[in-house]
Amino acid sequence: MTCIFGVRYRPGALPADDFVLCLPTNLGRDVSLYYSEIKYSETYKLLVLMKAKLLSFFVVILSIGLWSCNDKCTETRVTRRQTSVTRSMMEIRGQIKAQPPRELVRPGKMYVKGNYLFVNEIKEGIHIIDNSNPANPKFISFINIPGNGDIAVRDNILYADSFADLVALDIQDPAQASEKGRVKNVFKTGMFDGGMWTLNEAIGAINDVDVKFVTETYTTNCEENISPGGWWWSSPWSIAFDGAYLNSSSSAGQAATSGGTNGQAGSMARFALYENFLYAVGQNSMQLFNISNPAQPQQSTNIELGWGIETIFPYENKLFIGSTTGMFIFDNSTPATPKQLSVFRHGRSCDPVVVHENIAYVTLRTGTGCGGSQNQLELVDISNPTSPQLIKSYQMENPHGLSIDFPTLYLCEGDKGLKLFDVKDKYAIDKNQIAHFKGMDAYDVISLGKTLLLIGKDGFYQYDASNPKDLKQISKIPVGKAI
Amino acid sequence: MIYPQTKKIMKLILTIFTILVLVSGSLMAQDKADFTRKYVNHTEFGGLFGRVKYGGFNGGAEATENRLSLTAQMFQGIKWSSSLATGITVGMDWYKTALINPVALGARYDITRGRVARLYATADAGYGFAWFHDDPQGFKTKGGLMVNPGLGLKYGKPDGAAFTLGISWKRQEVNVEKASWNNEVDRTEERIYNRLALRLGMIF
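Residue numbers (the working numbering), protein chains in the order written: chain A, 3 to 485; chain B, 8 to 211.
These aren't lab readings, by the way, just hints derived from the structure by calculation.
Careful: at least some of the hints might be erroneous.
Pair by pair, the computed Cβ-Cβ distance ranges are [stated by the list, open to error]:
hint: 1; chain 1: A; residue 1: Glu399; chain 2: B; residue 2: Gln12; range: 30 to 36 Å
hint: 2; chain 1: B; residue 1: Glu184; chain 2: A; residue 2: Gln475; range: 24 to 30 Å
hint: 3; chain 1: A; residue 1: Glu399; chain 2: B; residue 2: Thr43; range: 49 to 55 Å
Derived pair list, reagent style PhoX-like, types lysine-lysine, alpha-carbon separation capped at 25 Å [unchecked claim]:
hint: 4; chain 1: A; residue 1: Lys214; chain 2: B; residue 2: Lys149
hint: 5; chain 1: B; residue 1: Lys15; chain 2: A; residue 2: Lys418
hint: 6; chain 1: B; residue 1: Lys185; chain 2: A; residue 2: Lys74
hint: 7; chain 1: B; residue 1: Lys103; chain 2: B; residue 2: Lys147
Just so you know, even glycine gets a beta-carbon here, dropped at the ideal spot from N, CA and C.
Work the whole structure out from these sequences, hints included.
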């Protein structure tokens, strides 16, 4: 097709009018003949302004008309979906046994005791890893413990939760762990991946939820964080409590000293050992177990704390308990009956705690279900534990677990990596960042002095930390692989 | 994420751009001997007009809304002939929830040669950056590809400064990582701003 664009007019008559003339090229004769006919016709005189050039011009105009001027925005959400299931405690109790080593799939918390590493596989059990050569950690076995999230080890006894029960396992031979003691129906509720389970004691069952992750897309108006109907009230519980187990891996700190030799847990641990007691924090209370006979833990005091309890960190003769709303400080000089000294309240968020001397380092994080709006590190003066005072807060990106090897503070920033700070000057921590290591997912860190253990979604790392400025990776166990 | 459609248009504009630059040499030769290459600046501001249709989840009704954002841009280039100039376009677009700075390769081409008014074609293709966008806590806005072809009218002397009135189609991609809520683990938004850009400007 060929088009011409012109102005035609009758001689002597005004105004002239524009026209476009398009003729098919397959007329069998030269198109210009038509032009000539029009051009020289008696009625019209044609002023051809432009010819072929204009064709492209019209194509452009047409295209503009055809392309939509509508914003198109889609939001992709990966949502946690829950399906209710009922599990029998009787069946669960029969399933605890040592199995051949298996690969890491969804690593949770980690725990260190001597040359052994214990890595929780969320809700499934515990990997036992021989770490006598940190460059080449070896999986020894996997203890199948349904509903397991936490670990504590004293001497040869490993304490683990299995939904409602506390189990004591003999790990003298780590390849052949065996059950030695059990306290039944002691934990009433718990949470994995944001899905809450409750114990139905009357029938010996666990009302559990299976959690699946669903990807959905929504059309948005490109401008606001609109919510599809029902989104707000769909699960009001989980806003406050998801964080508790979701980030079930942050870790740091020193284990309390006591009669036996304990392992080392972290800032996100829910189990703590101190003298003859094992402290286990649940969603809303702290349960004490007397372990003077380590293989046969006995249920002891239960202390109500209010909802949203997340972590316990023993330091000297105090217990620091992190909840979604604040930090509880307990005097633990009488281990059988810890006494609450104070609560340091802050905005609602996820918050592991570590302590060194008179300063508590608390991180607040937004994100899945934590419900807060702050991403920061707070330093709290606890020289007077009955009245903790804020020293200073520092903005962070996405702080998770932390660990202190004074004066070095290791702080996980989730997918932003690991940050190291010199905390000698408590008012200028942000100015004393030693290093920022990127390229790994950092959720949890335990400093063992010269060695640093780090766990994240993509695997388990060990670093030589003798020079904090220059961490050297000793080994890595990637998710999906057993060594 | 880069949409294949944008990629295609971008490829087209870049191809045209390359051809324009390549042919500019021959155009120059065709031009009058007295034409010399010179610097050209085309500064424009205006509005980005659009609409959006959204909603419709969980049986809810869909809604449509009007959109208007402020835009400003400056093209700086070399005039290769009496009709063609190529160069770099930088600008700023104030979308309601994204402040985007496009940096693009651009071309301006005079289609007609009137004494008072001339029709010109304009095309820019590049990347819109979110350098100056300040995200709320938990959000991260990233820019994306940008294409902006169109037409305009120039009022003024052919060899002097001229006022311009441009009409063009602008497509800007933006990606936003959002803070997750409640049961969400991950929340991201892919935005495509498809706008009709009306701009007033000066070219000299």
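Checked hints:
no., hint, result
1, A:Glu399 to B:Gln12: 30 to 36 Å, "holds (34 Å)"
2, B:Glu184 to A:Gln475: 24 to 30 Å, "holds (28 Å)"
3, A:Glu399 to B:Thr43: 49 to 55 Å, "holds (54 Å)"
4, A:Lys214 to B:Lys149, "violated (29 Å)"
5, B:Lys15 to A:Lys418, "violated (34 Å)"
6, B:Lys185 to A:Lys74, "holds (17 Å)"
7, B:Lys103 to B:Lys147, "holds (15 Å)"
Checked against the numbered hints given earlier, this structure breaks hints 4, 5; the rest are met.
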